[in-house]
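From first to last, the protein sequence lines are chains V and W. The C-terminal position of the first sequence is numbered 1700 in this note's numbering, with every residue numbered one higher than the one before it. The C-terminal position of the second sequence is numbered 285 in this note's numbering, with every residue numbered one higher than the one before it.
Please keep in mind that the hints were generated in silico from the structure rather than gathered at the bench. The C-beta atom is built at its ideal place from N, Cα and C for all residues, glycine as well. Any given hint might turn out to be false.
As the list claims (entries may be wrong) - Computed from the model, here is a short list of chain W residues facing chain V with C-beta under 10 Å:
1. Pro55
2. Gly69
3. Asn78
4. Ser79
5. Ile83
6. Thr160
7. Gly163
8. Leu203
To be verified - Ranges of calculated distance between the beta carbons of each label pair, as one might list FRET restraints:
9. Glu27(W) / Asn1385(V): 35 to 41 Å
10. Thr1441(V) / Lys158(W): 53 to 59 Å
11. Glu1533(V) / Arg278(W): 37 to 43 Å
12. Arg248(W) / Asp1462(V): 37 to 43 Å
13. Arg278(W) / Asp1462(V): 52 to 58 Å
14. Thr1441(V) / Glu244(W): 48 to 54 Å
Said to hold, decoys possible - DSSO-like cross-link-like pairs, simulated, lysine-lysine; straight-line CA separation at most 27 Å:
15. Lys272(W) / Lys1373(V)
16. Lys261(W) / Lys199(W)
17. Lys1239(V) / Lys1171(V)
18. Lys1331(V) / Lys1607(V)
19. Lys1264(V) / Lys1307(V)
20. Lys1373(V) / Lys199(W)
21. Lys1268(V) / Lys1171(V)
22. Lys1371(V) / Lys125(W)
23. Lys1607(V) / Lys1515(V)
Below, each chain spelled out in residue letters.
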Amino acid sequence: MEKTIIIGGKAGAGIKEAGRMLAGVLSNLGYYVFGYVDYPSLIRGGHNFVSLTFSERPIRSTDRKADIIVATDGRSIKAHLEDEKEGTVWIINEKESKEGAIKAPFKEVAPGFFKSSSVLGAILKLFGIPLEEGLPFVTSLPQREKNEQIYREAYNAVPQLYEVKTLDGKRGDILTGNECIALGSVDGGLDFYVAYPMTPASPVLHYLAKRKDEFGIKVVHPENEIGVINMALGIAYAGKRAMVGTSGGGFALMTETLSLAGMSETPIVIYEAQRAGPSTGVPTYTAQADLLFCLFAGHGDFPRVVVAPSTPEEAYALARDSLNIAWRFQTPVILLGDKHLGESYFTVSLERKKVVEEPKLWEGNGDYRRYEITEDGISPLAFPGREGVVVKATSYEHDERGVTVEDAESVRRMQEKRMNKERTIREYILSREDSVVVGGGKESDKVIITWGSTACTVEDVARELGYRVIRPLFLEPFPSERVFKEIEGAKEVLCVELSASGQFEKLLNMNGIRVDRSVRKYDGRPFFRDELTSILREV
Amino acid sequence: MGAVKSLYTGAEITWCRLCGNFGLMSAFVWAVEELAESIPLERFVILSGIGCHGKIVDYIDLNSFYSIHGRVPPTATGIKLANPDLKVVGFVGDGDIYAEGVSHLIFSAKRNTDITLIVHDNRAYSLTTGQFTPTSPSHFRGKSTPEGPPEDPMNPIALMLEAGATFVARGYAGYTEHLKNIIKEAILHRGFSFVDVLQPCVVFYNTYDLYNRMTYRLEDVGHDPTNYEEAYRRAKEWDYNSKDTKIPIGIFYRTEKPTYEERLLHMSYD
C-alpha cells in the first residue's frame, strides 16, 4: 500500500507535530515514510501543512495530489482544493462543511493550540490502525490526559476506510536531514557547534544544544555570523573541531572569514542550508540557488571543498566526512544542504559509527613551521600550548614560519603551496567512489543530471520513466572526469534543479558538460513526484 | 635590550621611528618576562587585527593568530574556549575595534570572556594613511574628512564600563613601566580585561606633547578601582575631544564575576 496524506491547519495548531507522530506510527508498522513540511515564516496563524507519503518500498518524496486530505480548519479546505484528485478522501473539522467529507472533532488542548492528537486519532482510525499504536506518541506530549482524551474522541468519531497492515519489521527511524547532519558531525569528532539562528539551519543548533551533554560537545550562540565563524577559527587553531551552520544571508556575512580560513589554512566546516532567496526571500521555503555563491564566495584564490548530500543517509555520512576532510586538508569545507533536505523527515536506517581521522601532525623535529612547504601542500599541524613550539597563523601572506612577507618570490611560493593542496584534494575526491552517484534506471541512455535534495524526487520517478540519474556529491573540486565517464553514450541529458538561472547547469557548462534540456523550478517548493512525472512525460 | 631580543622573531620592524607602538610592545614584552615564572611562554597566544598595530604579532615570537580587521575578539574567545589553559591577549587598533569590530568588543565585555584586549589607540587610521577613527577628536582633519569629522569621538572607557567589562584601564605608550604594570594586572585578571593605550602616531596624529602635559595617574589621586560610580566619573573626565582637560591613566575599574568559559564549559571555580 502507498498513500499520500495532506494535513493542513493554522500555524501553531500542531500540524507539524501531527505529521511527525503519524510518521512515527507508520514507521513502527514497517513502512517507509517521507514527510514534506510546508509552513510560512510566522509563529501563529497563517496556513501550515505537511504532505506525508508512506509506502512498502523506499521513498524520499511525496505527491502534490493527495489520497487523503485532512483539513483542520476552513482555510485548509480552500487551500487544498487544488491538491484533490479523483477519489480523494477528505476529513474536515466538524464545524465546517464539504460535500462527501468525513467530519472529525479536531479539538484543541487549549484554544488555538495543538490539535495534533485529534488529527492523529482520526487518521489512524481511517487506516484501521489499532488505537494503541498512537498512544505512546500522544501520551508523551505535555497535558497528557487532555491529549489522550481528544485522541480517543477523534479515533471513535471516524469510520475505517482502509486496512493498513503491519509489515514484517521496522525499516528505520524517522529523522530529518538536519538531524542526520547533526549526528554525522558528532560522529566526525565535533567538539564545538557554533551558530547564530537562521532558518533552515537552526534545527541543527537546537538539536545539538539539547543533547550537547549526551554527545560530549559544546554549543555556542555568538553575537552574529561574523562572530560565529571567527570564533570557530579560534577553536580550530587551538586544536578542537568546529562546525558552523547558517543559510545564505548568514553565509554572506561569513565570506570575509572564509578567505581567512583559506589563507590561514584553518579547518572549518560550514553547513549552508539553502532557502529561497535572494535576500530575506522566502525564509521557510527551499531552493538550490546558493550553489554558485558557495563555489565562488571569498576573495583571492584558495582551495575549498563543497559537498552536497541528497539523502538523509548521505547527510549523515558527508557531515561526518566533512570534518575529517577539513582537518585532513586544513581548509574550509562547505556542506551544502537546503530546507527540503534539512526539514523533511524520512525513514532512515543509520549505522552510526564514530570516524575521527587523525590529521597530519607535526612530529617534533627541528623548529616548528606552521606553513612548511611540502609536496602535497599540507603542512603538519601543531597547537599552541606545546612547550618549545610557536604556532603562528595569519591572514597575511607569509613565510613558512607564519611571518608576513610581501616579496614576489615568497608570495608566488605560498600561492603555489595552496594550489598544490587543491591538487591533492582533487585527487582525493576523484578517488572516492561516491564523488558521483549513479541511480535510477542504470542502463538507460536517457540521463538526468541533478544534485542535492532534488535528487530525492528525481530518483523516486526515474526508474519508472526510464532515466539514468547522475548526481555529483562533490561540487568543488568538481569531479568532471567522473561525470564525463558516467554521461558517455547518453542520447539525451536533462538537468533538473531548483534555480531560476540554472546555476547547476552553469557549473556543468563550466566543466564542459552540455545538457539537452533544463527543468527548473523556482517557487520555493521542491519537485513533487506527480509533478515531475508529468513534466518528464512532456519533454 | 637583551631580554626583549629573546622574544623577538627577527622580522624587519616597519613602524616609524618614535612610533608609540614601540613603547607598547616593550611594555608587553616586559610584562610577559616578569610573568614568565608563573606563565610559561608557550601558554601565551597573542592576536592582532589589521592596522599598524597588527605587525606586533610578526615581531614577538609567541604563538599568534594574525586575524582580520575588527575580528580579534571572537577568534580570541574561540581559542580560550578550546583551551582554557592558554593566556589569550588580543592587540587591536582603535579603528579596528571601535569601528569595524565594535559589536564583538561589546559582547566580549558582556560575556566576561577571559581574554585581554589591548587597544593601540592612536586615534587615527595610519596604515591607510590618515583618516579619522571613532576616537579621533572633532578637530582631526583627516583625508576622508578634510574639515574634521562630522561626529564627536566615542569614549571607550565609559563604553566598556557600561558593557560589563570586569577590568577597565587606560595606559600611555610613553610611560612604559606604568603601562607594563597595567598589562600585567590585565593578564592576571580572571575575566575580560580591557586596556585602552594612548599611542601617539608621529606621522598622522602626534599626541606625545598632549599626553605628556595632560595625563595623570589614578593611583596618585587615591582612586578606588572597586568603586563603579567613581570609575565612571573618572572615565567621563576626558571625552577624547578636548585638549585642555586632564586625562586619567591607570586602572579605572576591576571586579570579579564568573567568566564566559566557566559558564559555557561548566568549569569549576578555583
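Grab the minimum C-beta distance from Gly163(W) to chain V and call the hint holds if it beats 10 Å, violated otherwise. 30 Å, violated
Within a Cα-Cα threshold of 27 Å, do Lys272(W) and Lys1373(V) meet the stated pairing? Holds, because 25 Å separates the two Cα atoms, which is no more than 27 Å.
A closest beta-carbon separation below 10 Å is what the hint needs, so does Asn78(W) meet it against chain V? Status holds, d = 4 Å.
Is the shortest C-beta separation between Thr160(W) and chain V less than 10 Å? Not OK, violated: Thr160(W) not within 10 Å of chain V, min 25 Å.
Kindly confirm whether 37 to 43 Å is satisfied by the beta carbon distance between Glu1533(V) and Arg278(W). 38 Å Cβ-Cβ, so the 37 to 43 Å window holds.
Ile83(W) as chain V interface residue, shortest Cβ-Cβ below 10 Å: 5 Å, holds
CA of Lys1268(V) to CA of Lys1171(V), is that 27 Å or under? Since the Cα atoms of Lys1268(V) and Lys1171(V) sit roughly 13 Å apart, the hinted pair holds (cutoff 27 Å).
Please verify whether Lys1264(V) and Lys1307(V) have alpha carbons no more than 27 Å apart. 21 Å, holds
Return holds or violated for the Cβ distance of Thr1441(V) and Glu244(W) against the range 48 to 54 Å. 44 Å, violated
Once the shortest beta carbon distance from Ser79(W) to chain V is found, is it less than 10 Å? 5 Å, holds
Check the following: the C-beta atoms of Glu27(W) and Asn1385(V) are separated by a distance inside 35 to 41 Å. 37 Å, holds
If you take the shortest Cβ to Cβ gap from Leu203(W) to chain V, is it below 10 Å? Status violated, d = 18 Å.
This entry does not satisfy hints 6, 7, 8, 10, 12, 13, 14, 18, 20, 23, going by the numbered hints stated previously.
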